[in-house]
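Visitor: The residues making up each chain are set out below.
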Amino acid sequence: MDFPSDILHYIFSFLKADPESLIACSNTHPSFSPIAEKYLYYHITIQTSLAYRAPGSGYCLEPSQLLELLSESLQIANHVRVLQLTFEHDSSHSTMVKYDEMAQILPLFRLVKCIMLRSHSISWWMLPQTLKTAVENCCLLPTTQEIHIGRSLTFPLSLLTKNPHVTCLSFLAYPEMADQPDRIYPPLQLKSLRLTWTHHTFYDYICTWTKPHITTLRSLQCQYSSQKMVLEFLDVCSGTLNNLDLELQAPCEGVPHFRT
Amino acid sequence: MRVFLTFGPSIELTTHPDRNPLINLSSLRDLQHLTIRAHTRPEHPRERLSTAAKILKTASSSLQHLTIEILVESDSDWHMIDFSPLTMLAEASAPFHHIDLYTKAPFVNIYPKLARYEGLKKLIKEGILIIHAEQTAPGISRFE
Numbered sequence: 001m002d003f004p005s006d007i008l009h010y011i012f013s014f015l016k017a018d019p020e021s022l023i024a025c026s027n028t029h030p031s032f033s034p035i036a037e038k039y040l041y042y043h044i045t046i047q048t049s050l051a052y053r054a055p056g057s058g059y060c061l062e063p064s065q066l067l068e069l070l071s072e073s074l075q076i077a078n079h080v081r082v083l084q085l086t087f088e089h090d091s092s093h094s095t096m097v098k099y100d101e102m103a104q105i106l107p108l109f110r111l112v113k114c115i116m117l118r119s120h121s122i123s124w125w126m127l128p129q130t131l132k133t134a135v136e137n138c139c140l141l142p143t144t145q146e147i148h149i150g151r152s153l154t155f156p157l158s159l160l161t162k163n164p165h166v167t168c169l170s171f172l173a174y175p176e177m178a179d180q181p182d183r184i185y186p187p188l189q190l191k192s193l194r195l196t197w198t199h200h201t202f203y204d205y206i207c208t209w210t211k212p213h214i215t216t217l218r219s220l221q222c223q224y225s226s227q228k229m230v231l232e233f234l235d236v237c238s239g240t241l242n243n244l245d246l247e248l249q250a251p252c253e254g255v256p257h258f259r260t
Numbered sequence: 001m002r003v004f005l006t007f008g009p010s011i012e013l014t015t016h017p018d019r020n021p022l023i024n025l026s027s028l029r030d031l032q033h034l035t036i037r038a039h040t041r042p043e044h045p046r047e048r049l050s051t052a053a054k055i056l057k058t059a060s061s062s063l064q065h066l067t068i069e070i071l072v073e074s075d076s077d078w079h080m081i082d083f084s085p086l087t088m089l090a091e092a093s094a095p096f097h098h099i100d101l102y103t104k105a106p107f108v109n110i111y112p113k114l115a116r117y118e119g120l121k122k123l124i125k126e127g128i129l130i131i132h133a134e135q136t137a138p139g140i141s142r143f144e
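Here the protein sequences come in this chain order: E and A.
When we follow the working numbering, the leftmost residue of the first sequence carries the number 1, and every step to the right adds one.
When we follow the working numbering, the leftmost residue of the second sequence carries the number 1, and every step to the right adds one.
The set of hints was computed from the structure by calculation and includes no laboratory data.
List time: in silico BS3-like cross-link candidates among lysine-lysine, alpha-carbon distance up to 30 Å:
#	chain 1	residue 1	chain 2	residue 2
1	E	228	A	57
2	A	57	E	191
3	E	16	A	104
If you want the footprint, here are the derived chain A segments under chain E, 3+ residues with CB under 8 Å:
#	segment
4	22 to 33
5	36 to 42
6	47 to 61
In this text the structure is predicted, and so the values were computed from the model without any measurement.
Glycine included, each C-beta is placed from N, C-alpha and C at the ideal position.
With these hints in hand, go ahead and build the complete structure from the sequences.
Guide: In structure tokens:
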């Protein structure tokens, strides 16, 4: 097995979204293992239960599994570039233990570029403080450029403005209306924004929050958003926008889970 | 006048000129690529594509690449969809050099419905309008 390593890197880089194949490659020959590992841990999802794995979630692990792997090789933490966290609507002791493990692990990831948060109907304020602090610190890493907040998670928008390196944001969630910034931060220079399912309750709040951050926006994607809101955004970024993606559908009239 | 429309599979809304004004692209001087994903329903066979056409008419000359995705709730709805609003794509004033049309329908179902309009048939023959049958338009992250 005398492949040049750059060729192996090139081949394995195409398997970043296919953890099973990377694990199989890793087991094929000892020389493959360190290279396959780099791509296996490129995108990881930490979730309290592996009963459901969303498509495109990368390598899914429970916190205890990841703790064990990290105790064997701390190096794998440096491979993680896309960090996805899934939170459950479950306050059982076992889930709280897993959240605690998650909070212990997160500070080890120092080179994350993209953070993706999703939940199954849980609000940000319901998470343990240690976990919230750990997630917030990941969002504030100077390497973090992309933050994606998934559906069913209320989230404090003020947290997003604390990291001036964030240029790409997608928001499918509900903002925490009671959210108050600890101080005023300079506006973000977002290049890409995606908004989905913006409930009419939040139009004004989201518009007010968003507009200062999109003055140099290049790409805007609005799904199921109000046309009025889209027009307000276009007014702000008309000079820089070169890619627009619109879904002609109504804003959702469903009742959101949010705290006022 | 207030109009009630059904837009999506399970969503109803009130459209009102003040609440849902038409999106106008004329101020977007650097817009190069526009994607429109239009949910169409047999109850309103023209509605969404007609809105799309109105929006497209406001585009500036910088917009050369257009992607349209037509979505329907069920496969049996395809024969009900009225594609006539898309004939504006063949008008001389339309700036588009490249149009990608994505549908979940098979090519054999979608082509005849477009080709009945001479302008659209010509765009297809010239390779300006590309039909991507049984495909989803790229660009939507599946992360939710």
